[in-house]
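Novice: Chain by chain, the residues:
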Amino acid sequence: MSLLIKNGIVYDPINNIEGEKMDIFVSDGKIASDAKDAKEIDVNGKLVLPGGVEGHTHIAGGKVNAGRIMRPEDSRRGAEPRSKLTRAYSGCSVPNVYATGYRYAKMGYTFLMEAAMPPMAARHTHEELIEIPIVDKGAMPVLDNHWMTMECVKDGDMDKLTAYIAWMLKATKGFGIKIVNPGGVEAWAWGKNVSDLHDRVPNFDVSPAEILKGLSVANERLNLPHSIHVHCNRIGSPGNSETTLETYGLLSDVKNDDRQVMHATHTQFHGYGGENWGDFCSKADEIAKYVNSHNNLTIDLGVVMFCDTTTMTGDGPHEFNLYRLTRRKWSNHDVELEVGSGVVPFVYGPKIPPHAIMWAVGIELPLLIDDPWKVMMTTDNPNGCPFTFYPQIFAQLMSKKKREAMLEEVHPVVNSHAILPSIDRELDWNDIAIMTRGAPARLLGIDKHGKGHLGIGADADIAIYDIAPKEVDPAMDYKSIERAFSYTAYTIKSGEIVCKDNEVVAVPKGKTFYVDPEIDDSVMDTMLPDLKDKFKECYSINMANYPVQDAYLPNPYKISTKGT
Amino acid sequence: MSAENTTVTDVVCPFCGSLCDDLEVEVEGNKIVKVKKACKLGKSKIMGHQRIETPMIREDGEFKEVTYDEAIDKAAQILADSKRTLSYGWASTSCEAIEKGIHLSEVVGGVIDSTASVCHGPTVLAVQGVGSPGCTLGEVKNRADLVIFWGSNPVHAHPRHQARYSYNAKGFFSDGKEDRTLMVFDVRKTKTADKADEFVQVEPGSDYKIFSAMRTILSGNEDVVPDEVGGVSKEKLIEIIEMMKKAKFGVIFGGLGITQSRCRYKNLENVISFVDEMNEHAKFTLIAMRGHYNIGGFGQVCAWETGYPFAVDFSRGYAWYNPGEATAVDVLNRKECDVVLAVAADPVSNFPRASVEYMREVPVIQVDPYPNPTTEFADVVIPAAVAGVEAEGTAYRMDSISIRMRKIIDTKFLSDEEIFEKILNKVIERKEGA
Numbered sequence: 001m002s003l004l005i006k007n008g009i010v011y012d013p014i015n016n017i018e019g020e021k022m023d024i025f026v027s028d029g030k031i032a033s034d035a036k037d038a039k040e041i042d043v044n045g046k047l048v049l050p051g052g053v054e055g056h057t058h059i060a061g062g063k064v065n066a067g068r069i070m071r072p073e074d075s076r077r078g079a080e081p082r083s084k085l086t087r088a089y090s091g092c093s094v095p096n097v098y099a100t101g102y103r104y105a106k107m108g109y110t111f112l113m114e115a116a117m118p119p120m121a122a123r124h125t126h127e128e129l130i131e132i133p134i135v136d137k138g139a140m141p142v143l144d145n146h147w148m149t150m151e152c153v154k155d156g157d158m159d160k161l162t163a164y165i166a167w168m169l170k171a172t173k174g175f176g177i178k179i180v181n182p183g184g185v186e187a188w189a190w191g192k193n194v195s196d197l198h199d200r201v202p203n204f205d206v207s208p209a210e211i212l213k214g215l216s217v218a219n220e221r222l223n224l225p226h227s228i229h230v231h232c233n234r235i236g237s238p239g240n241s242e243t244t245l246e247t248y249g250l251l252s253d254v255k256n257d258d259r260q261v262m263h264a265t266h267t268q269f270h271g272y273g274g275e276n277w278g279d280f281c282s283k284a285d286e287i288a289k290y291v292n293s294h295n296n297l298t299i300d301l302g303v304v305m306f307c308d309t310t311t312m313t314g315d316g317p318h319e320f321n322l323y324r325l326t327r328r329k330w331s332n333h334d335v336e337l338e339v340g341s342g343v344v345p346f347v348y349g350p351k352i353p354p355h356a357i358m359w360a361v362g363i364e365l366p367l368l369i370d371d372p373w374k375v376m377m378t379t380d381n382p383n384g385c386p387f388t389f390y391p392q393i394f395a396q397l398m399s400k401k402k403r404e405a406m407l408e409e410v411h412p413v414v415n416s417h418a419i420l421p422s423i424d425r426e427l428d429w430n431d432i433a434i435m436t437r438g439a440p441a442r443l444l445g446i447d448k449h450g451k452g453h454l455g456i457g458a459d460a461d462i463a464i465y466d467i468a469p470k471e472v473d474p475a476m477d478y479k480s481i482e483r484a485f486s487y488t489a490y491t492i493k494s495g496e497i498v499c500k501d502n503e504v505v506a507v508p509k510g511k512t513f514y515v516d517p518e519i520d521d522s523v524m525d526t527m528l529p530d531l532k533d534k535f536k537e538c539y540s541i542n543m544a545n546y547p548v549q550d551a552y553l554p555n556p557y558k559i560s561t562k563g564t
Numbered sequence: 001m002s003a004e005n006t007t008v009t010d011v012v013c014p015f016c017g018s019l020c021d022d023l024e025v026e027v028e029g030n031k032i033v034k035v036k037k038a039c040k041l042g043k044s045k046i047m048g049h050q051r052i053e054t055p056m057i058r059e060d061g062e063f064k065e066v067t068y069d070e071a072i073d074k075a076a077q078i079l080a081d082s083k084r085t086l087s088y089g090w091a092s093t094s095c096e097a098i099e100k101g102i103h104l105s106e107v108v109g110g111v112i113d114s115t116a117s118v119c120h121g122p123t124v125l126a127v128q129g130v131g132s133p134g135c136t137l138g139e140v141k142n143r144a145d146l147v148i149f150w151g152s153n154p155v156h157a158h159p160r161h162q163a164r165y166s167y168n169a170k171g172f173f174s175d176g177k178e179d180r181t182l183m184v185f186d187v188r189k190t191k192t193a194d195k196a197d198e199f200v201q202v203e204p205g206s207d208y209k210i211f212s213a214m215r216t217i218l219s220g221n222e223d224v225v226p227d228e229v230g231g232v233s234k235e236k237l238i239e240i241i242e243m244m245k246k247a248k249f250g251v252i253f254g255g256l257g258i259t260q261s262r263c264r265y266k267n268l269e270n271v272i273s274f275v276d277e278m279n280e281h282a283k284f285t286l287i288a289m290r291g292h293y294n295i296g297g298f299g300q301v302c303a304w305e306t307g308y309p310f311a312v313d314f315s316r317g318y319a320w321y322n323p324g325e326a327t328a329v330d331v332l333n334r335k336e337c338d339v340v341l342a343v344a345a346d347p348v349s350n351f352p353r354a355s356v357e358y359m360r361e362v363p364v365i366q367v368d369p370y371p372n373p374t375t376e377f378a379d380v381v382i383p384a385a386v387a388g389v390e391a392e393g394t395a396y397r398m399d400s401i402s403i404r405m406r407k408i409i410d411t412k413f414l415s416d417e418e419i420f421e422k423i424l425n426k427v428i429e430r431k432e433g434a
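These protein sequence lines are chains V and H, in that order.
Be aware that the first sequence starts at 1, since it is given in my numbering, and climbs by one per residue.
Be aware that the second sequence starts at 1, since it is given in my numbering, and climbs by one per residue.
Source of the hints: derived by calculation from the structure; they are not laboratory data.
Hints should not be assumed to be uniformly reliable.
Anything over 10 Å on all C-beta distances counts as not near chain V; from chain H, calculated [said to hold, decoys possible]: (1) K40; (2) V66; (3) S132; (4) L137; (5) V200; (6) E203; (7) S212; (8) G220; (9) I238; (10) E242; (11) T306; (12) P309; (13) R334; (14) K335; (15) E392; (16) T394.
Now the in silico label distances, taken between C-beta atoms and shown as ranges [claimed, not checked]: (17) H:V33 x V:L528: 46 to 54 Å; (18) H:F173 x V:E18: 54 to 62 Å; (19) H:D197 x V:N203: 55 to 63 Å; (20) H:T9 x V:A551: 14 to 22 Å; (21) V:D501 x H:F173: 52 to 60 Å; (22) H:E277 x V:D533: 46 to 54 Å; (23) V:T561 x H:E277: 30 to 38 Å; (24) V:S293 x H:F173: 42 to 50 Å.
Partial pick of chain H residues on the chain V-facing surface, computed with a CB cut under 7 Å [claimed, not checked]: (25) G134; (26) E139; (27) K141; (28) A303; (29) A319; (30) R404.
Just so it is clear, CB atoms sit at the ideal spot from N, CA and C, and this is done for glycine as well.
Taking the hints into account, I'd like the entire structure generated from these sequences.
Specialist: Okay, here's the thing in structure tokens:
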């Protein structure tokens, strides 16, 4: 089907289009320069953006499902019956697969990156990804606390490490290298954690810093589209910004002409000062200062909003700490030789001082970082809050008035222990378009694969919102922003209208993006005996049954890279 | 296939929740002639036994052999006309088939429930109350120095569990049983208990009291614990807690002895809370000894499809979860459903008499490779390929790790996945037009 979208106000940051009134042609699922027999949609001054790219979210796999199983009370929320077209769906912070696809698509999102795939349970993640309708997706395997990784790092054998990472990416049909509390999760297998970047990991005699540097080398040698994707040590702790900044500094002399060399994720959770919960405070200014003065590092936010949500991370020891704080229910699942994970329900309350400060940090970061191309908009769904809070977050970033209204509702500690009240900056339409489209696509490296922009030949993933950017002042009329971003007038996925006015009208199956790094056979061959030993001696599953079979990627999109 | 002997390696055993994936199966022509490395139970399943040979429809009380198309048509007609279908079983088939089954229940607005509701359902309820401190079986193999079987007897029910994953398994930080302490808590001295360093005989129905006493001792309040709890002396319990606190990595494998005895899900809430509290002293985890090889898979698939792990009622159009209401036994007891769809399970052998009696009053559709007492109640019988032997598909081990089962030999039978794809399409066509 061909489409002609007429008279939209287009923001397409990758192509330097900033609020131009223009027409867009769609043909054969791609953006085209012309189209025959096109169905015309006159959007008459409405906001037109590339489909949203969610760069870090938890939507599929063991953790999310553990959350669903543990929280029937969450699944009771937001229930919608099946229709002839759509499946029954429900859930809030841990929605079922259909709710995830429909809701993201209705909000104009067309690409989702599951940010933490336990390699041994990668099959499970892919089983769920298949079932998430409409959107394209990918998943990043967690690769830092692996025994093989740590042994290679300890031996300083970067060839072997690179081969191992390549093997793992292939075996898991994964997208990139996710790092989660390096060293700390292996320590958690004995009920412990690491205290800082230079602590030694029990039994493996490596430090978090060494693991990070090693994986960065492997990442660059494999020429992966994305950089290492780092969940720093000491998440959620008072004073952790010191560790965060030190982590950033580890790669200060590493360069890549095409992209960042480190992406630091859910930075809000890593931007705190103080020594305890009493003097807990925002260090968003120091984080922003570093990001502003370095060009090889990017971040995403992990914004907190006040709600009942479900926290979930591969950072097992952190979830245990959250359980010790909340004493509600706690799920933990350590995966042999590789990773850990935990799930804890959590309520962020506006009158609870640390929560109010966390909220402030998440909003401060994008306002203090000068260049929006260094920032992916995320809530670390559902850790900061479910992704359905995006419209409210955009409104806060675009309107100081909205922030002032929020500040009246939250604990006054924010006035003394956070920076937000003093910030005047208001983001514009283009900033939002960058943080939700251009930047995540570019930082993940999928802009080159037709995502996050509307250039000729790009995938025709388009979001049209029922708001006229030339007529609305977002700073004053923030309620219109919230309403407009809640659902699109049209979401178009691969050239097909999938949502219209908050209704799902088509349910195509999306693609799964994965990376296939090619390396020298001789390098792989030197690594394999060690890996085979691990399977023989340590794993509880046979090596032949480990890799994710092709059956789990019915619509694959392979990104091949050549390692050096 | 040629008549030569071929050996299929890395075969995944479709019998119990251990889901051993190291079997070797010798095939001659299209016949399985030998199964290596499997336990007796797995071997017997893979070698095969009496099958339902053909689709059948009951007419005037007698089975009439029919084609697959006729049986599937009949099943689809019954299901499309049903106002309240009960779909039950699903523990011994693939996740792909389960997905289709859940979709079918959604389309007909029925109830779907798995064998978990008469097995580890109470464990799931406890997880919903207090969470789930677990790990994969390889963590146990590599690290555990304290292995506890509580109300579970792997020697009989999961014969290779101890050798592959737990007490006898050698791993990175453990040389196997020499490095491990084995504790068994049970109402009788089981075969598993024979080798235990510590066998604690529990008075039947006393597990809850014992967990409570252990938690009380652990929290430093042993002074309020009576001299004897559930047949176990206070001194013994104190000694056990001290041993547990000294462990580096402890694991409790919980079995039906605690899920289906007095206090049921409360037992599990109590033991999970105990494990949580133990984590202040030592790494401690709990793994449920799931019985059927893919009962875990039903819970996983049902959770991502509907938000809930079992006992799901679609009569509202969306998924509604209420164990005790939407569980199979209860739906039958209330004489509520107008069709029973029994898949890869045998409710007639396992359900209370009143529930079974009601199955005589409504049409019963059975999809299963094997005849069983439920077949005697069935009006439509659809034979299926044996998943993991004659059909590929995904299954979840007791530790929530999914493995793709292999197809070893060809078959004349349709797989569950194919059968339910066909039924689903026909039901949608009947209810909603093509």
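Novice: A separate judgement is required for each hint: does it hold in the structure or not?
Specialist: Hint-by-hint comparison with the structure:
no., hint, verdict
1, K40, "holds (21 Å)"
2, V66, "holds (31 Å)"
3, S132, "violated (4 Å)"
4, L137, "violated (5 Å)"
5, V200, "holds (24 Å)"
6, E203, "holds (30 Å)"
7, S212, "holds (18 Å)"
8, G220, "holds (17 Å)"
9, I238, "holds (22 Å)"
10, E242, "holds (17 Å)"
11, T306, "violated (6 Å)"
12, P309, "violated (5 Å)"
13, R334, "holds (21 Å)"
14, K335, "holds (26 Å)"
15, E392, "violated (8 Å)"
16, T394, "violated (7 Å)"
17, H:V33 x V:L528: 46 to 54 Å, "violated (33 Å)"
18, H:F173 x V:E18: 54 to 62 Å, "holds (58 Å)"
19, H:D197 x V:N203: 55 to 63 Å, "violated (25 Å)"
20, H:T9 x V:A551: 14 to 22 Å, "holds (19 Å)"
21, V:D501 x H:F173: 52 to 60 Å, "holds (59 Å)"
22, H:E277 x V:D533: 46 to 54 Å, "violated (37 Å)"
23, V:T561 x H:E277: 30 to 38 Å, "violated (48 Å)"
24, V:S293 x H:F173: 42 to 50 Å, "holds (44 Å)"
25, G134, "holds (5 Å)"
26, E139, "holds (5 Å)"
27, K141, "holds (6 Å)"
28, A303, "holds (4 Å)"
29, A319, "holds (5 Å)"
30, R404, "holds (5 Å)"
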